[in-house]
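Undergrad: Dock chains B, C, D and E against the given chain A, drawing on the hints supplied.
Listed below are the residues making up each chain.
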Amino acid sequence: MSSLIVFLVAFPLVIGALLLGVHSGKLRNVIVVLAGLIVAGASIVTAATFGNGNALFFGLPNGLTLGQGLLVVEVLMAAFVLFVSIQNRRVLAPILVLGQLAISFYLELAGKMPEIDAGRLFWFDRLSMVMVLIIGIIGTLICIHSLGYMRDYHRSSPMIKGRRTAFFCLLFVFLGSMFGLVVSNYLPLMLVFWEITTLCSFLLIGYTRTEETIGYAFDALNMNMLGGLAFSGAILLLINGNQTLDLAKLTSGPASAALLPALALLCLAGLTKAAQMPFSRWLLGAMYAPSPTSALLHSSTMVKAGVFLLLRLSPAIAGSDLGTMVAFIGMLTFLFVSLVGLTEQNTKKVLAYSTIGSLGLIVGCAGLGSPELIWVGVMIIIFHALAKGLLFLVVGTIENRFYTKDMENFDTLLSRLPLVSALALVGIAGMFIAPFGVVVAKWTAIRAFLEIPGWQGAALLVIMAFGSSFTIFYWGKLLIKVLSMKSVTEYERSIQKRISSFEWIAEIALAAGVLAVTFFLAAISEQVVGPFALATFKGTSQSFLHVEPVMLATMIVAVLFLPVLALWASRHENYNMSDFYAAGRPVTNGNVVGMALGGTRAVTLRNYYLEGVVNGQLVFRAGTTICAALLIAALAAGMVGR
Amino acid sequence: MSFFSKSPWILHYDASSCNGCDIEVLACLTPLYDVERFGVVNTGNPKHADILLITGSVNERNIDIIENLYRQMPDPKVVVAVGACACSGGIFARAYNIQGGIDKVLPVDVYVPGCAARPESIIDGVIKGIGALEMKRKKSA
Amino acid sequence: MKRTIIPFGPQHPVLPEPLVLDLILEDERVVDAVPTIGYIHRGLEMMVERVEYTEMGFVAERICGICSFMHGMGYCVSLEAIMNVEVPERARWLRIIWAEISRVQSHLLWLGLGADAFGFENLFMHCWRMREEILDIFEKTTGGRIIHSVNRIGGVKRDVSDAELAAIVVKLEELGKAFEKTANVFGKDPSIRHRLSGVGVLSADDARAVDAVGPMARASGVVMDTRLSGTYGYDQVDFEPVTETAGDCLARVVVRMREVQQSIGLVRQAVEKMPKGEGMPLENKPRGNPVGETYTRLEQPRGEVLYYVKANGTKNLERFRARTPTFANIPAMIKLVRGCDLADVPNIILTIDPCISCTER
Amino acid sequence: MDREAFLARVGEYHKEGRRLALINVTTLVPAAAPAHGAKPEAAATEASVGETAAPDQFEITWVFENDKDATLEKIREQVGPADIIPSISEFFGAAFLYENEIHELFGLNVEGINLDLQGQLYKTATKVPFSHAAVKARLEALAAKTAAAAEAKATTEAKA
Amino acid sequence: MNPIVYAVLFVLLAPVFGGLLAGIDRIASARMQSRVGPPLLQPFYDLGKLLQKDARQVNPLVEPLLLGHVGFMAATGAMLVGGVDLIFVAFVFALAALFLVLAAGTVNSPYSFTGAERELVVLLAAEPFFILMLAAICKVTDASSYQGVLSSAVMVAPKLPGVLLAFTFVATIKLRKSPFDISTSHHAHQELVSGLTSDMSGRLLAYVEMAHWYESAILASFVILFFNWSVPLGLLAFAVIYAAEVLVDNSTSRAKWQLVLRSTWAVTLLLAGGNVLALFLLK
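Chains as they are written, first to last, in the working numbering: chain A, 6 to 647; chain B, 36 to 176; chain C, -5 to 355; chain D, 2 to 161; chain E, 279 to 561.
Just so you know, the hints here were simulated from the structure itself, not pulled from any lab data.
Be aware that a few hints might be false.
To be verified - Have a look at the derived ranges for each label pair, beta carbon to beta carbon:
#1 E:VAL518 with C:ASP130: 37 to 43 Å
#2 D:ALA6 with C:MET274: 48 to 54 Å
#3 D:ASP3 with A:VAL619: 58 to 64 Å
#4 A:ILE500 with E:LEU525: 52 to 58 Å
#5 E:VAL518 with A:ILE500: 54 to 60 Å
As the list claims (entries may be wrong) - Away from chain C, derived, C-beta distances all over 12 Å, residues of chain B:
#6 LYS41
#7 ASN54
#8 ALA128
#9 VAL145
#10 ILE162
#11 MET170
#12 LYS171
#13 LYS174
#14 SER175
Keep in mind it's a predicted model, so treat the numbers as computed, not measured.
The beta carbon of each residue, even a glycine, is placed where N, CA and C say it ideally should be.
Only chain A is shown next, with the shape it has when bound in the complex:
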């Protein structure tokens, strides 16, 4: 096991370094595909060697020690952050990174670092397994997708200087560090991986190096570094309080009051990385990165690190005021961003809001902490990683074809890119149509909320009822746009043929994954997620998924309905079987209508964005303020040990 883990972490790093030196496109394609397959294979092998599913703890393979490695990496990263900050005249990032470095040096030089238990550096359990599989498989698919995407990206925007060597290097470095993060048990080790992912995200958001994207990159850097600083602070508090730095031991049960201050800081770290309010802004800015980046870092994996940490902490903080407040931060974030999402026209941003919302749900589950809710949290992680990753990739593909991310320009997509539309439909269905996991998860969550006594239960129920209804609206809008049809020209028909096979492979594989996970919903619940939830909370054996055959049938029909229908309909040559109603005016070609002053015009239709009822900016600001206040309260509660 341990050598496999080391391989999983080290191999991508090596490949990343190697890719820096590869300038030939063809060679890079070969290396990326091969390396990706190896990574994916290794992650599957890792999962397969997991055995009976009980948590495993292990150290580095024989002969290897951490030594001062962690400190060296931290210094290097700090130096890099200082360099780019000075280059771009930023102040906040250096302060944060120096603060973090100061803590590390203080601990090291004052000799306060406790003895490392070399046999418990890593922790592998079912949650780690899920994460490793997500990173290995989805990560690989996204890397392969990038090969096609980046080619078109630079073709469609020739003004951007190509830095594809760096791009692919960063993707692999990120994969390696993400593997490290999800299997770390020793907190300082986790922190290092944590910070590497932050840096990768920073560099990828700033990929185009325009004034605007650099701004967003620094936003992301600052907020994540704040989380890193909190993480360091937590380590400092733990060491000062003579507590263990062993995550598994720390979270083996409800935490004592003495532990809560440190846990509060860890929660803060998790909240920043999971882009919960008030830190949601950075994830929206991150949408300016190339779409595979959004798919990999900002929906499928990196942001999951935040909720991963919170799920880990869940048994410790559940029941405390800290836990409840963290849960409410998550649930309110879910409510507010879903509401803001109603008013957003940029598809990637809608996906971002949806991502933040889903993460908020997981945070809510983690904070409240019960076997059912942990089950819900992990289920959402799995479905969200697949479906949202797919959606981002599809949006990326569309973006490169039509040069737009505006939802309004996606209309008649089914006629123009039928196969892409079908894939998009799988993704959308995966995110919200009844059968797929996210709704199953919501349903189970509502059931769990019913058991929570007092005003909290009622509040959570109301938040859930409204929040999940909001999502219907923006997904509905997107569906209407994707599903609309018109007669297409020969040229429009040819567009789909120019999508690279890399993109097809990745998207189809992810769509197949979404479908597979749905079909094996029960098995995943029984074999993986359920046992994990029970192990975490030491609960009695129970079944989490009350799926009856009729429900399963409904689910499967609903799952396949839209994509299959779309594929079937797109085979019709004649999309315009009869004219639509236009108050008696002449309609030609399926979308051209006679105008009042003579002449004709193609009909344009714009979705509703609830102008005048919901003010997106205002809601976002209100949510940020409320959650910031809650966060301060949560930290205060943690500090006083409640």
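TA: Chains B, C, D and E alone, transformed into the frame defined by chain A:
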């Protein structure tokens, strides 16, 4: 069994009527005449309608509109020309912008005379239209 | 930014007549509206070439089927002015009575259509049920429900007996009482206030600037009523023009509701003041062919109508032109439609009480 | 027509708070043109308005109304088919409908309408139905028809 | 009796129930407008005629989506009375409604699209309430299925008066009654012509009508949940609520979508949310 005789839905279009017949068509829906007794619904949408009720005569500009509306109605369908203008152009038949009655454009099934046509005769026309509807259905079946 | 385009009309159930608008929407707010009409243009003014002046009145009546009486009257008054014909007194009073009854009819019809457009079915039906009673009066006194053909150059064709007039007054007053209840609903129902209050506001200055006429102008606080000039016997009855100040859709509804009561009162006054008796002269037949020109103004239900008649001494008039109230109110409508909600479009269009048939002739 | 003086006068009316009541155009057809049943009576010919008309002219009248005393003020001009008429929609926004209409029905060129429908208002079957040519053609056809009918009647009567 | 029997019965009988209800509705409306109105079976005649008529389809997606709409609406009802988890039913209910929106939205025409958007707004307005309502019923009775609620000893309506009141309000939306009939219109005199059914004809329209009948039956079943101690009383309550809806339909004007959204959310939050809060605090 055919349900057409029990559920004739109408679409009213004002071609170039003086409002007199239009208002009488609307009056058919209201309490005194209440054509809903016969299942008549004023749909306002050609795609839902069985009977096209046209008042006024054909002029240069509405000729296309009348054709469009008729084309959008699903089969079987009938046309009822209501009032003197719709039948023949009426008093305006010789005005420069009038081309004549509705039968210049569409096959008219029922002509309802009158200036303005009285609600009673409009209802009568609709009932006659139902008969034509039945015949058309039988022919197509 | 992409916007929704709604092709509103020519066939649209909100208005039985073809009015065409291209509505450009954001969400449901109308950011621009491009109007056109012309689907109903017949070329009626040219009919003077074909129809002798004695018969042209029948064509004039068919300018519009809702205010057909007023159009016939307007034509006859114009010719009487050119040909210097004195109309017998009882005929003049009868014209006033019919004119005011047709105002009641028109307003009831319009109130019903308005209620239907904002989805208030009961009101629609009740208004039209009351309107049928007015039509009965017309049918009994003139022989026609819609087209009456009772005006002649120089008088009226038929007399109405004193007993019948008294019965009409009784009937109208009963109707007025019943209408009071309906009017209460229109004025006070919260769901109607939600739809009409503050919607489509036309300030008094705007109303003057776009030359609005009739209830449209009066609802904005502009005191203008052609009847005030006292012609055709209106100087012998007491009345104050109905005005409101809010200028919104609700004000326009209220003005018309109050005018219904006002007109009923005017009919009663006319019946009281007119010379009584059977067999009084009703018509002074004109002699010869008309020569000259005249401008005639009348207050129709929809506002001021203006007729221009030019005669050159032949049997055929040289020019006949009717500027109808809707023609004058369309600029106001276009002004109001811009910036309103899609759901308000029908209300705004209807509160000008459009008569496209009048406008296009 | 004197464009400057005209616009100045319109501006004055606008300032006085008058309303635009009507813009009317009459096609002046010389009295010699055959009219239906044309039997001008002796008394009528003396005062005939049409006599002053130059051939192929239009008489255009702007009518302004005063709400207070209900008086009408008129500006009357005679214009030829090629003349350019200044739009008054700058002063009276409601003028655009009249002006579009006279452009379409009478073929007069109005300059500077604030909402120019470009001949799309009525889209009549007979283009410019009130142009001199159109009116004359209609009247001649009518006269010919009447004459033919009278002749036919006369022959049938003669036969009888 | 086996729940599957209930489910099958629902699928078979709900259209009859919904159709008769629509017939009564039309007669009652006519009487309120001092008219005679159509025969009781008029909705069935209309449906029969629509099925016999030619269907003009604008694109190939509309019909399958509408079939999905009817199918899922029937499935919702069947699952509801067939004993499937109530909260799951709430999600399927929303999905069924969504298919109608999609069917109209895919037409890509101004009137259908605007109707679809308004229907989406209406869905957005009503959906939170139904989730909350079913959750509250589950909470009160500690049951998760229809049969569970019916056999519970706890009387639901007395404990959830606020939710029941909110239901009568929100049902206006689902029954497509004025003031909330903003996306479609049975009277056709509105700005959207026939709203989201503008481009549906013949049997396509028949599907919409059928689905609506199922929807009425589902709403009736919801009312029975509130009166879980006596099914006849539940049906009576539904009749009362429906009569009130018809009255309101005829005597109010159509609201704008902004008001629909705001008022429904406010009612859901205050009445239903308040009721749920009280429930959690007291229990």
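Undergrad: Against each hint, give a clear statement of whether it holds in the structure.
TA: Hints, one by one, checked against the model:
At roughly 39 Å, the beta-carbon separation of E:VAL518 and C:ASP130 lies within the given 37 to 43 Å, and the hint holds. For the pair D:ALA6 and C:MET274, the supplied restraint of 48 to 54 Å holds, since their beta-carbon distance comes to about 53 Å. A hinted range of 58 to 64 Å holds for the C-beta pair D:ASP3 and A:VAL619, which are about 59 Å apart. At roughly 55 Å, the beta-carbon separation of A:ILE500 and E:LEU525 lies within the given 52 to 58 Å, and the hint holds.
Between E:VAL518 and A:ILE500 the CB atoms are about 58 Å apart, so this pair conforms to the stated range of 54 to 60 Å. Against the 12 Å criterion, B:LYS41 stays outside the reach of chain C, whose nearest CB is about 22 Å from its own CB. Some Cβ of chain C comes within 12 Å of the Cβ of B:ASN54; the nearest lies about 4 Å off, and the non-interface call is violated. A cut-off of 12 Å between C-beta atoms contradicts the statement that B:ALA128 is not in contact with chain C; the least separation is 10 Å.
At the 12 Å boundary, the C-beta of B:VAL145 stays outside the reach of chain C, the nearest C-beta of that chain being 20 Å off. Against the 12 Å criterion, B:ILE162 stays outside the reach of chain C, whose nearest CB is about 20 Å from its own CB. Distance check for B:MET170 against chain C: the nearest CB is about 26 Å away, which clears 12 Å, and the non-interface claim stands. Separation of B:LYS171 from chain C is adequate, the least Cβ-Cβ distance of about 22 Å exceeding the 12 Å criterion.
Interface exclusion of B:LYS174 from chain C stands, the closest Cβ pair being 28 Å apart, more than 12 Å. With a cut of 12 Å on Cβ distances, B:SER175 stays outside the contact zone with chain C, its closest approach being about 25 Å.
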